[in-house]
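Each protein sequence line maps, in turn, to chains Y, X and H. Just so you know, we're using the numbering used here here: the first sequence kicks off at 39 and counts up by one. Just so you know, we're using the numbering used here here: the second sequence kicks off at 797 and counts up by one. Just so you know, we're using the numbering used here here: the third sequence kicks off at 154 and counts up by one.
If you're looking for bench data, these hints aren't it; they were derived computationally from the structure. Just so you know, not all the hints are guaranteed correct.
To be verified - With a cut-off of at most 20 Å between alpha-carbon atoms, the simulated PhoX-like pairs for lysine-lysine come out as follows:
no.: 1; chain 1: X; residue 1: Lys-927; chain 2: H; residue 2: Lys-329
no.: 2; chain 1: X; residue 1: Lys-951; chain 2: H; residue 2: Lys-162
no.: 3; chain 1: X; residue 1: Lys-884; chain 2: X; residue 2: Lys-927
Said to hold, decoys possible - Quick partial rundown of chain Y residues pointing at chain H, CB under 7 Å, derived from the structure:
no.: 4; residue: Val-141
no.: 5; residue: Ile-148
no.: 6; residue: Ile-298
no.: 7; residue: Ser-301
Backbone N, C-alpha and C fix where the C-beta goes; we use that ideal spot for every residue, glycine too.
If you want the building blocks of each chain, they are given just below.
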Amino acid sequence: MIVLEIVIGGLLTGGIYALLAAGFSLQYGVARVMNVSHGEFIMLGAMSTYSLYVALGVNPLVSLAIVGPVLFPIGFLLNKLLFQRIRKLAGSGDVFEGWSMLVSFGLLFIIQNIALLSWSADQRGYSFLAFPIDLAGLRIPANRLVALGVALAIGFSFFLFLMRTSLGKAVRAAAQEETGAQLIGINIRWMHCLCFGFGASLAGLAGVLISTMFTVSPFIGLPYTIIAIIVVVLGGLGNIIGSLVGGLILGLVSSIVLHIEPSLELVSLYVLFMLILLIRPRGIFGK
Amino acid sequence: MRICEGEGVTKYFGGLAAVIDVDFYVDQGEIVGLIGPNGAGKTTFFNLISGALAPTSGVILFKGDNITGLRPYQICRRRIARTFQLVKIFPDMTVFENVVLGSLFGSHNLRSSAREEAMEQIRFVRLLEKKDMLARDLTVANQKRVEVARALATKPELLLLDELVAGLNPAEVDEIIALTKAIRDRGITVVMIEHVMKVIMNISDRIIVLHHGEKIAEGTPSQIASSKKVIEVYLGT
Amino acid sequence: MPTFGDQKKNLSQLALAILIVALLAFVPVCCSDYYVSLFISIFKYTVLTVSWATFCGPTGYMSLASAAFLGSGMYVTALLGDALPLPVIVLIGGAASLLLALVAGLASLRIKGIFFAMFTLGLSEGVKGFINWWEISKTGRQGRLVISASGTTVFYTMLIILVLALLTSYLIRRSKFGLALRSIGQEQQAAEHIGINVNAVKLITFAATSFWIGATGSIIVTQWSYVDTQVAFSVFYSFMPTVMALFGGLGNMLGWILGSVVFTILSELLLTPFPYYYMLIFGIVIVSVFLFFPSGLVGLVTRWRKA
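The shape of chain Y in the complex, shown without the other chains (with noise of 0.2 Å):
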């Protein structure tokens, strides 16, 4: 019973880490930015889904529609004109990563302030699909329900994305070998956008899912962005699929630890990002 109850909590954890870590890993293993700012799209989306919500009525289902396609253009000229250009100037592939980052940090202090500017600090929740639906024996949030099953959705789709479709494989191809990538005939500055674009979409429908489950302010942003990272880690850096993969796990682990010492979850997913990077860095899948 217990276990059925771990499990379940862990791919509904899961799912979500899953699509959070997918467009951080596009946007580290193509385009090469560790964007600390990662979190903040997911904040965005959710505080948008908030306020569609409780003044336009609009279902956060129909939210992913909308927020989806307004952050994708967003992230695409912020890779176009902003880290395309740090690019040319750092020279080198370290400098670039480490600049990046450091860019990244100010996106972080700005979108969070036009963030506060706009909605206050306060925490905000609605209530959608809040009633709890009996399975199996446990009783399970509805709205639960729903996230995880779009995220799984959102999540197999991109998979398949990835697997199939020509695109997606160039994708890929950019993620692991980027000279071999432009040797046959991949844009790679236009996949570096794409790629960056896709990766805030993402976030973002993360975000709209984190919405309906719990409480959303414009400070959530970077604990989820540190659980993009580890998760991120875990799958292997540069390894899209990876990251699905490594995002289930780390929700099956968190639903354990909650189980446990439910205050001590953030901190153990510390420890054993740390563990992971001390012992294998490169990840289950990584190269």
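With chain Y held as given, fit chains X and H onto it using these hints.
Below, chains X and H without anything else, positioned relative to chain Y:
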């Protein structure tokens, strides 16, 4: 006198055997050549002696002391120095700074004597006019000299040279031959990895041949030149 | 290697430094509380930046552990403030930070590049989370009251810490240690082979510089009466030293000091008129720094001088 010797030296990387059960010795004052086709394990062998890698099994002795598995800085302080196949000079420092680091940390404690030592080694490799140039602005040939000077500044008794001659033109090759002989004349024992046969045959007192990680032949240059095994390995059957 | 001409330059630089410190010592006497507080902020960020850059500048590592060190110092004071005299507390704060740096440093000796950055970020957030958990399970509350010290006390303590931190950094950079650090940053394997105990050099530098960050945390927390983990271990303290050092110019100590001084004054100027926008402006400044003058203020001055 044997200055350096090893028994059963072996190195595995996971399932891949890079060096297999090699017994070797080097006499003081010799120039020993280490040859073998690409991938034979020569640089790995150097890495095992210099401490960059620890052997999977086997023992390496230097002047009678067991140096197996010691860290590179400890091995340097015991008077073994090396150069690298892909030059590893400090690019954003001057020639002088590169070499004086060697004398400061490898051999001397006082700044003044370290400085003198560095100048002497820079003079020895004939880079005096370039001593204040940034190392990254030098030609590859000169960068290799810097690496040699830096290694010499640590006052080694055994010097491992890894493909010093690669990519040099014939005039530069002759200079390197002269330099290596001059190093030996100072009493330093030399082991050198080379692909250029002219160099190896010319100055080695003895040659060790590696192939697929194993020692397949050992002897004087003329013995090696006439060894059927070695010819097979290099020319194929 | 110093020449006679260099020695003269060194003496005049030393004289100038002593003069500046002497002048600064008069600030609490002649200026309002506002300026005392401003200078304390400047001192604090300068210690953070210089300590960060002494290790990370020459080696090229990006440490985001500064928040962990600063916060540890703060919590030492929060926990032991009533029990021991203040100078002892500050020393213990520094020692706690040093211990943390040694442990983290030992663990991460083989980690490089972006992984090291992530490791240190994880360290900062992890220590924050751990102390948060510990606080909640011990006291049930997230925050804690702290002993107070007067502005003057904080000012002079920070001034002493600043001078000592700068001295530490200067001695490290000018010694053969400093040369070794640069060589480790450029070609670590070669450095190891010429007799440099790379692990020892990295550990000692990382730990020694972290001491001052911890001590700083210990004293500045007495300006506030209340502390919690969000404030003490704010991610801001992890990133800002890097940004300030780059802003000023990574190559030399003057750049680091300039970067932190200018940035702190800038944030002070932005804080009062725009309390709700200052993070936004800050973020724009950070992004602009990288877009428009990546070689920092010092680079800007050099180019301006040449023109």
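The hints, checked one at a time:
| no. | hint | result |
| --- | --- | --- |
| 1 | Lys-927/X to Lys-329/H | holds (19 Å) |
| 2 | Lys-951/X to Lys-162/H | violated (34 Å) |
| 3 | Lys-884/X to Lys-927/X | holds (17 Å) |
| 4 | Val-141 | holds (5 Å) |
| 5 | Ile-148 | holds (4 Å) |
| 6 | Ile-298 | violated (13 Å) |
| 7 | Ser-301 | holds (5 Å) |
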